[in-house]
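Chemist: Chain residues, written in single-letter form:
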Amino acid sequence: MDDHHYKYEGGRACMNPVWPCAMTGAVSCLSGFDDLGIVIHGSSGCFFYPATIISRPLSCTFLVEEEIIMGTEERLSETISEALEHFSKVAVVNTCVPSVIGEDLHSMNVPEGVFFVDSPGFLGNFENGHRIAIEALNPLVDNNRTGVNIEGVTQFDPFHKGNLMEAKRLLSLSGINTATVFSGGSVSDIEKCSDYTIGTNPDLRGAPGKFAGGLLGISEVRSTFKFLSEKLDDPDTDPLFRECDKAEEMIDKVCDKYLRKFNPPRVAVFGFSGYSCKVAEILRRSLDVDIAAIGQRNAGVCGDSSYNIRDACDIRSISGIIEESTPDLIIGSSYERALAPGLPFVGITPPLRGIISLHSCPLCGIEGELWLIESVLNACMANNPQ
Amino acid sequence: MNSKNLHLNSRRFSGCTLTGALSVTTQVKDGITVIHGPEGCVHHNLSLFHALSVDNGSLEMPVLSCSGMDQERIIFGGEDALENSIRDAISSDSGLKSVFVLSTCVADTIGDDAGSVCSKDYDLPVTFIPTSGFLGGVFQNGFENALKNLALQCSENVSGKKMTVNIVGEKNLEFEVESNYSELNRILELLGLSVNIRHVRGCKTGDLYSVGDAALNILRDHSVLKVGEYLMERYGTGYVEGFPIGFSGTLEFIRKLGDMFAMDISGALGFEHDLQLKIIDEFDDICGSSVCFIYPEQLTIDDASVRSVIDELCGLFNLKIRKDGIPVPFPFPGPVGSTGTKRLLHRWRRVLNG
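Each protein sequence line maps, in turn, to chains A and B.
Residues 309 to 694 (this note's numbering) make up the first sequence, in order.
Residues 44 to 397 (this note's numbering) make up the second sequence, in order.
Everything labelled a hint here was simulated from the structure, so no lab data went into it.
Backbone N, C-alpha and C define an ideal beta-carbon position, used for all residues, glycine too.
Any given hint could turn out to be false.
[Stated by the list, open to error] Residues on chain A that point at chain B, a partial pick, calculated with CB under 8 Å:
#, residue
1, 331
2, 351
3, 353
4, 357
5, 359
6, 422
7, 424
8, 430
9, 642
10, 661
Isolated chain B (complex conformation):
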């Protein structure tokens, strides 16, 4: 193997599986996550979640337990410590309903079998989510594995589909996660639909058992396509590939849901179209401006929805993309719904009028 080929490997910079999985498991409010690894790894992640909570005006902290892998356990093995940590976690909180166990690169390197420790008898369900730090992939792999493993808790014998949808794979570390959900929920209400569960955000262990009950899964974006496929295979639930992005994307989303639920959407479509016209009218002062976009360094994908937002808004407001134009915020992640697009236009106008 020529490792020189690996130097530009984007996986190098794509974060840790542990963080990806934690972004899911910490959303189960009556669950606890036990990490099999050194305290330093756990602290890195706790610090991140604490910072995000404070940024969002919350003082809530996730509960992360640690097997405390130190030099001695690295030499002699840490499986006993993991088992003790799981039992300690279960006995520490009578309101606890589930335990999620994640492994680190250190545990993987010394060959500890965290999966077998989790398969022992405990008083609560203990779900092992393979992560293995950077040896198990990147942030996205941890995120996907957690979404799939938490869906495993549901029985495959789904009683009957309801006229509800699941929201699957919300990016819990995303700053706009709640405003995106609010917008999506507004659109669903226009259609008379309601949310079954958010898989996985702000839920309880009991909620996870109903993931198969919804008639449709709405994926956050194409990065969780594999999770959508998995849920379709397991529960027969179809999916929409992503949240509505931009003005025309929102109308298209409404049409798609109308087709899937075989419902009359003319009222919802008319309402949304009127709303969009009002927004466009509100921003007519930016018409004809020269703009440019600075691509974020981390954007390694050729995201079609982002490009369509740029094309759409430049067309609507006759914006000219020029090298010497005024740099405006790049629409990534794409603005969700009509009100998300309105917030993007506010950010653009702030710069253009500045």
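Isolated chain A, as found in the complex:
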């Protein structure tokens, strides 16, 4: 992937970047493991951002200038020792300045259970950090492990908890155990992954073994579980397929009713590349919407070239997309909502500031598609009362 492509559009400087750095991606990924301590090796400025978006305790070396001159090892050792009082395993996530001064952290004599994740912010975007963190965890397939792994879960994603619950529910509905979660549960599960993995977010890959498919949308759920039913011993996918049928009937009914009265919206979707393309696909199929543009935050995983796909990593490019594509529904983050305050809005992309959300809502799976359709229709009708 050419990250540089995402920093400059038409040779112009990045204005108001809206996507987090690799360090944040790594911390967000690792934070899912309940029994893993995380030390951010950097200054308070680097710590405060992930600490505010991730709702679990994080440690930090809180470096000061003297340590950059004299060396950070002593300070890091002390912080690791404190973290080990609470966790048996600790990940040290490096930040820009310690990385630039070239300290060889890997040669440090650290206690067992401590490992380093070299993902300073300048190395790239959020997804890069997620990938680097999973590589550092060194996940291993255990051929005796039953069940299926779930990947694509990261704390930064407002749908992470709902997605995980939905993925587990769909597996359970088919009589399949959940194996290792990337990332969730115990970090010790990393050494005994199943051979098959399903994904909740196609932009956040990295689990070992064979990829059985994604869960974004009901049609993808069907194909993924069809694959699993052919590969695994005795799963019972009939209840799941019946639920898919029922959900599709409900969607058909409400969408048809909506279209009897209203025109379909012209939609601009902004967010993770994979999420955005799947949302576009679902809405085009269910509601015959016009996808005015897809603004992706990261390198594309979308295979459908019929969409107008643009990079949307900073406010200038987002403004340009909204201005040129003239949508009448925005699906994205609170940045897009701020740029188009008069338009109906559905939030799927972090951050979602100013929106209170306490329950665990999924974007993936059967429940995810139902949520998406109801949210889009409600947003459009609220703006179009007749």
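Fit chain B to the given chain A structure using the hints.
Modeler: Below, chain B without anything else, positioned relative to chain A:
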């Protein structure tokens, strides 16, 4: 050097110079801030400002440009990228009047000279504000440097002092910043005074040139004392050390301004005193309560004005401070003016009656 001595250093937890400086430069509405560093740093700050805007019911976002320092620029230097970013920013908006350039710890570590890039010829004034991320100090250092550097734009030949005041060093990230200003403005109007500029909040580049015109600077609090000293040295403008805090602090503030402007303040003082008596009367139901205060973790200063507010209110309402008393919100930052103190009393009564 024994670095063990550094482990409890409060500077560790005091934030980034970049955020401090941005809290000032983003208040110049026809200016743009260019940050020389990685996009991640810029995003961290944009996210913070966006969250604060939404919390305050606004969808406004500051304009932050970034030199996009990546691995390649860290190896080969990023000064060219910074220059391109400045020129791009200037050409991108015809309504732009000024450019502020901040540096990050990454730019400082690789030795980029952002100051020299800013001294080149551009079509607009480009002001370099030394920040250097955590290598340049903490949030407060960035905040002070920005306040001083933005005052640099003013000519030292001030034509003549007006009967106006500047408000200096408002904490733009503070939740109550506008209600504090409203209260201060109310008190100033009682005295027949008006505000020249808010240095720096919600202003335009042209406003910055008049910072030397006011007869007095009112500092937000003693944390910007150095800025007050600097403005006095540069423009000969005296200052008041802080906003009025608490009931008696407000009356004292009125007396102080009366002395400084040599004006009759008896009417203003009488009005304010009556207002305070009405407020005290409104809260007589909390008299005699037992309370306790939980000190905020971040409070590392022994703030005399906060202590005087506690002493004053406990005395007025005969509140007993006991370990087993009902915990009430700690008055930090101190309540501004009489109406700020009234809002604090509402918060206390809510808890005491709960």
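Chemist: So, for every hint listed, does it hold in this structure?
Modeler: Okay, the hints, checked on the actual structure:
Taking 8 Å as the C-beta cut-off, the interface hint given for residue 331/A holds, the closest approach to chain B being about 7 Å. With a cut of 8 Å, the hint placing residue 351/A at the interface with chain B holds, because the nearest CB-to-CB distance is about 4 Å. Given the 8 Å rule on beta carbons, the hint for residue 353/A holds: about 3 Å separates it from the nearest Cβ of chain B. The beta carbon of residue 357/A comes within 4 Å of a beta carbon in chain B, closer than 8 Å, and the hint placing it at the interface holds.
Interface hint at residue 359/A: violated, since its Cβ lies 11 Å from the closest Cβ of chain B, which is beyond the 8 Å cut-off. The restraint placing residue 422/A at the interface with chain B is violated, with a minimum CB-CB distance near 19 Å, outside the 8 Å limit. A distance limit of 8 Å between C-beta atoms decides the matter here; for residue 424/A the minimum to chain B is near 18 Å, and the interface restraint is violated. The beta carbon of residue 430/A comes within 4 Å of a beta carbon in chain B, closer than 8 Å, and the hint placing it at the interface holds.
Residue-level restraint check for residue 642/A holds (minimum Cβ-Cβ distance to chain B is 6 Å; threshold 8 Å). Restraint check, residue 661/A versus chain B: the minimum CB separation of about 4 Å is within 8 Å; hint holds.
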